[in-house]
Amino acid sequence: MKVRTHRRTGLDIGESATLSDLAFLLIIFFIVIAVFTVHKGFLLGLPEPGSTRIIPREELLQAELTASGELRSRGTPISTEELIRMAESLRKDRPNMTFLLKIDPETPYQRLVDIVDIVRRLDIDNFSFSMMEEHPQPNE
Amino acid sequence: MKVIRKKRRKPFVPISTMSDIAFLLLIFMMLISLIHYRREVPIQYPEAEHLTRTEGAKKLEIWIDRGGRFYVGGKEQALQEIEGLIADTIVQDPSTQIQILADRDTPYRNINALVEILKQLQHRVVSFVAREPQKDEYRNR
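Line by line, the protein sequences are chains A and B. In this text, residue positions in the first sequence follow the working numbering: the first is 1, and each later residue adds one. In this text, residue positions in the second sequence follow the working numbering: the first is 141, and each later residue adds one.
Simulated from the structure, these hints should not be mistaken for laboratory data. Possibly wrong hints are sitting among the right ones.
[As the list claims (entries may be wrong)] Reference listing, derived: stretches of chain B covered by chain A, where coverage requires no fewer than 3 residues with Cβ under 8 angstroms from a Cβ of chain A:
#	region
1	180-191
2	217-230
3	234-243
4	249-255
5	263-274
Ideal Cβ placement from N, Cα and C applies to all residues, glycine included.
Between the sequences and the hints, there should be enough to build the whole structure, so can you do that?
Right under this line is the structure:
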């Protein structure tokens, strides 16, 4: 009796488009996973505790952030645009200018991020921020 | 003389194994997702435009919610506990990047408390995590 052997049907390797599909899906998956956990933000250098630096008064730009998030310069409320103008004008004369920001303990974090964003945009190298000891009195 | 030509067989891939491969891939992806699982604290990220990538080889994420509570790995921690945790992490690997993920409405005193700890521990770099403004959400501040 002649035994008929049945040839197994398979996929021609030349036509195996599914393999490339799988590889493509894997690549997409890894890209998505890699991008998903990447954080963006600001890298800030911290000073040594208790370290001080003497800065000439004319190279210093001071501003305060109040509890409501209002920006003030020497007690006078200023807009963000005014701060940018002041910083740009000072930097023109004093390229090594320092921007000192005093922040009220109750100031929302977003306001600090706004100011750091401006500092980055203006490319100010010397930026220092610290918390106010006490709440400023009104009209001070 | 008769030359016997050997019949060349075409390459053959059994398609029945494809489902096995797909199944293994599925398991693999599920495992990878579990490895990358991060316990996120529900916060509203602050927004800024001039952001840079702040990823380090090793990082310690410290979350602060709008009420000023601190979290590490999804677990609420007291500030003293966080100080110990940061100190241990830095001792093990001084290049560890400390990332602060705070809510946009968190009072600055909480951020400052953390920054002061980092200064005391002589850690020189801190990362303030923010996100890029959504096009329709961004307000002119």
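Tested hints:
1. 180-191: holds (count 6)
2. 217-230: violated (count 0)
3. 234-243: holds (count 4)
4. 249-255: holds (count 4)
5. 263-274: holds (count 10)
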